[in-house]
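Q: My request is simple: use the sequences and hints to build the entire structure.
There are 2 protein chains.
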Amino acid sequence: MISRVLTADLARHVGAQVRIAGWLHRKRQLKSMTFLVIRDRSGLAQVVLASPAEIGAASDLPEETVVAVTGTVAASDQAPGGAEIIHPVITQLSGAAQPPPFDLYRPTVTAALPTILDHAPASLRHPLLRAPFEISAAAIAGFRATLDGLGFIEVSTPKIVESATESGANVFGIDFFGRTAYLAQSPQFFKQALVGVFERVYETGPVFRAEPHDTARHLAEYTSLDAEFGFIEDHHDVMAVLREVTAGMVSAVAERSGAAVELLGIKLPEVPAQIPEIHITDAQELLARHTDEDPRGEPDLAPAHERWLSDWAVREHGSEFLYVTGYPMAKRPFYTHPEPGRPAYSNSFDLLFRGLEIVTGGQRLHRHCDYLAALAERGEDPGPYASYLAVFAAGMPPHGGFAMGLERWTARLTGADNVRRVTLFPRDLHRLSP
Amino acid sequence: MISRVLTADLARHVGAQVRIAGWLHRKRQLKSMTFLVIRDRSGLAQVVLASPAEIGAASDLPEETVVAVTGTVAASDQAPGGAEIIHPVITQLSGAAQPPPFDLYRPTVTAALPTILDHAPASLRHPLLRAPFEISAAAIAGFRATLDGLGFIEVSTPKIVESATESGANVFGIDFFGRTAYLAQSPQFFKQALVGVFERVYETGPVFRAEPHDTARHLAEYTSLDAEFGFIEDHHDVMAVLREVTAGMVSAVAERSGAAVELLGIKLPEVPAQIPEIHITDAQELLARHTDEDPRGEPDLAPAHERWLSDWAVREHGSEFLYVTGYPMAKRPFYTHPEPGRPAYSNSFDLLFRGLEIVTGGQRLHRHCDYLAALAERGEDPGPYASYLAVFAAGMPPHGGFAMGLERWTARLTGADNVRRVTLFPRDLHRLSP
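These protein sequence lines are chains A and B, in that order. Numbering-wise, the numbering used here puts 43 at position 43 of the first sequence, and it's gapless, one number per residue. Numbering-wise, the numbering used here puts 330 at position 330 of the second sequence, and it's gapless, one number per residue.
Hints should not be assumed to be uniformly reliable.
[Unchecked claim] Some, not all, of what chain B presents toward chain A, calculated at C-beta under 10 Å:
{"id": "1", "residue": "Arg-4"}
{"id": "2", "residue": "Trp-23"}
{"id": "3", "residue": "Leu-24"}
{"id": "4", "residue": "Glu-134"}
{"id": "5", "residue": "Asp-175"}
{"id": "6", "residue": "Ala-330"}
{"id": "7", "residue": "Ala-393"}
Calculated from the structure, these hints are not laboratory results. Cβ atoms here follow ideal geometry from the backbone N, Cα and C, with glycine treated the same way.
A: Structure follows, in structure tokens:
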């Protein structure tokens with residue numbers, strides 16, 4: 001059997017006998033001819049059935065059936081890629097496919113989101129619905145490559161954890177050999193502990209939030225891109241690394257998923273050498289001065305404020321990225337490092353991109369006594385934190401890090417209106433399958 | 001402040017004023033001098049305290065305290081790396097560290113495994129205990145790079161799943177917004193579905209097994225390296241890709257974690273261009289002929305048999321890797337493709353490496369009707385498999401794949417006698433922290 005040629009390479013084989021294989025993307029039956037479009041991972045190819053025998057051989061094949069086609073490559077101006085297959089012999093590789101939830105060959109997708117998600121294994125075959133995942137795979141590769149280059153090491157930390165203590169977010173309980181354990185909301189405690197071992201660590205993996213919110217940006221399970229490192233001065237060192245990571249991710253998307261970027265018609269952002277930053281108090285002053293609202297003194301930014309500030313950063317600094325720094329300690333986790341001289345505020349930041357917070361990070365406390373004081377101040381019993389606190393008793397450098405939600409990043413990059421569009425099989429309050 | 005120099009680069013700065021930072025690895029107080037050894041992510045550096053003032057400044061610092069040291073670099077034959085720091089000024093960056101569970105500066109580790117694991121954040125700082133994780137990070141990078149080069153795409157699939165149906169292994173139940181869900185034992189169903197979308201996919205992530213076994217090779221949570229791809233002839237195509245992946249992982253370990261390999265004094269395996277293979281029936285014949293046991297007709301290999309066969313492959317083929325193929329269908333999951341002409345056996349394989357099964361893989365069924373028949377034959381209700389079965393009704397190519405346990409791989413590579421030694425924070429029947 002001759003070896004398979006990808007459809008994207010067809011034009012390089014004009015005149016030759018080849019074999020392609022893929023899904024029957026489209027069948028168009030004209031009066032005396034039938035055109036098949038075959039889809040494989042590289043693209044589309046047209047197959048021309050001219051003789052009654054050829055046409056008859058394909059008449060029973062529904063779209064989405066998997067086939068191999070052996071035939072001669074002919075140059076053609078009308079065909080995708082400038083070449084098509086003539087005189088084909090078709091071999092059916094799958095059973096006759098059942099109809100997909102909507103026509104996968106149409107250039108646009110009009111199906112509603114629930115329909116798309118309910119039938120994800122078929123829906124995602126649509127080139128427009130598949131493309132975001134090529135971008136997200138490229139982005140994660142860029143994340144890792146950038147941090148590898150900066151001396152970070154990849155780690156794998158447990159998703160099953162002992163306590164439900166890390167943040168205010170809701171946790172999922174699990175029955176762990178007869179006792180209750182929890183699904184990790186983040187690798188925060190572990191990545192900090194590992195700064196004590198490796199200095200610089202990152203992890204890419206699932207995190208779990210029992211989010212009762214049914215919004216376009218919350219998921220019960222998502223992919224968190226986490227980094228943490230030691231020997232920093234303050235959060236600005238973390239922001240500098242994140243700037244490199246962000247630039248590396250955008251470059252990787254351009255280099256590794258250019259076809260998907262082109263197909264979706266999206267414009268990749270420029271990452272400025274220095275991402276502009278604004279302290280939350282200054283941001284609130286701006287909002288008070290230029291909008292109808294006065295958020296001064298509030299502990300956090302509302303989504304509408306984030307959008308306004310993103311627009312402001314584009315106007316004022318020509319940047320689609322903006323760091324908002326200094327969030328009030330009251331709204332940050334207990335391990336956050338306060339702002340020297342202004343202890344109601346923190347050495348923390350959010351990175352806004354196209355109107356949405358996609359990264360949270362900052363400097364952490366690193367002295368054991370500071371942790372005890374922080375828990376005491378919040379009236380929390382240090383007991384459940386015993387194994388975490390032991391890390392800081394063992395000698396830890398000043399450190400910090402950040403966490404990026406991969407789905408939010410990809411959604412912003414692709415213009416998706418809902419993170420579920422860039423999640424293969426989303427999990428939320430109402431969705432546990434497929 | 002002058003910028004930090006890594007200890008590994010110290011010798012390049014002889015004569016200059018530098019600043020290093022790290023953990024106080026060792027303090028040796030002689031009659032008129034004190035030597036400090038500072039450990040950072042790159043290695044060790046010696047600091048010489050000669051004046052009473054210098055000696056006094058360090059007298060209160062326990063080992064593992066984090067410090068910055070500014071001083072002059074002097075060439076020294078006695079110091080690690082051929083250079084040391086003299087006339088130091090020491091700044092303490094952490095609180096005074098509490099004593100580690102055992103001396104981290106000793107060249108060997110005699111602490112028992114439970115001690116090591118109970119105090120992992122401190123124990124893992126020992127260079128010998130840290131090194132396996134540098135190797136495992138390199139291996140996972142090699143896995144991804146090889147598959148990227150072969151046109152695979154990385155995916156992230158849910159760890160929270162609807163049914164506990166995938167295999168015979170025990171599952172963890174979770175309370176998912178008031179209903180019962182489960183932690184995924186593997187991404188098997190999802191990666192197959194995604195072959196229908198991307199043709200070639202891989203995932204590196206946690207999987208969960210409620211293993212009641214308390215052995216040196218079972219964990220409740222481990223990192224699975226999964227790949228799956230379409231348009232194969234049979235399981236030999238999968239074995240050929242796995243051969244490339246294995247070779248890529250060994251190369252990456254050599255290139256990216258050479259220092260760890262050297263420190264541990266391990267010998268990396270050669271991956272033969274063609275990994276030898278033996279059908280399970282032939283393997284059982286061999287065992288019957290050459291050992292005291294007669295495993296013919298048994299559905300699986302015992303661990304002792306795997307060790308014998310591994311030794312046999314070294315003797316007979318000069319290979320530390322061996323494919324055992326054709327495992328009886330009775331011991332394989334229902335989605336396994338049978339061996340054409342011998343349907344009691346399967347188009348499946350295990351990869352043995354240094355006496356242990358580290359990869360399982362094979363060809364899967366790909367026709368909807370074959371799945372229905374396979375479930376019926378096992379007396380299983382297709383109901384709980386509805387969303388999985390829908391994948392095959394939608395048109396799927398012949399496909400297959402494999403799953404490698406990262407911890408088992410690293411254990412074999414480093415000679416660890418227990419997978420817990422190559423797992424940062426293991427989870428098992430008895431262990432849920434740190």
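Q: Now tell me if each hint is right for this structure.
A: Results of checking the hints against the structure:
1. Arg-4: holds, 6 Å
2. Trp-23: holds, 6 Å
3. Leu-24: With Cβ-Cβ at 8 Å, under 10 Å, it holds.
4. Glu-134: holds, 6 Å
5. Asp-175: holds, 5 Å
6. Ala-330: violated, 26 Å
7. Ala-393: holds, 5 Å
In this structure, the one hint that does not hold is number 6.
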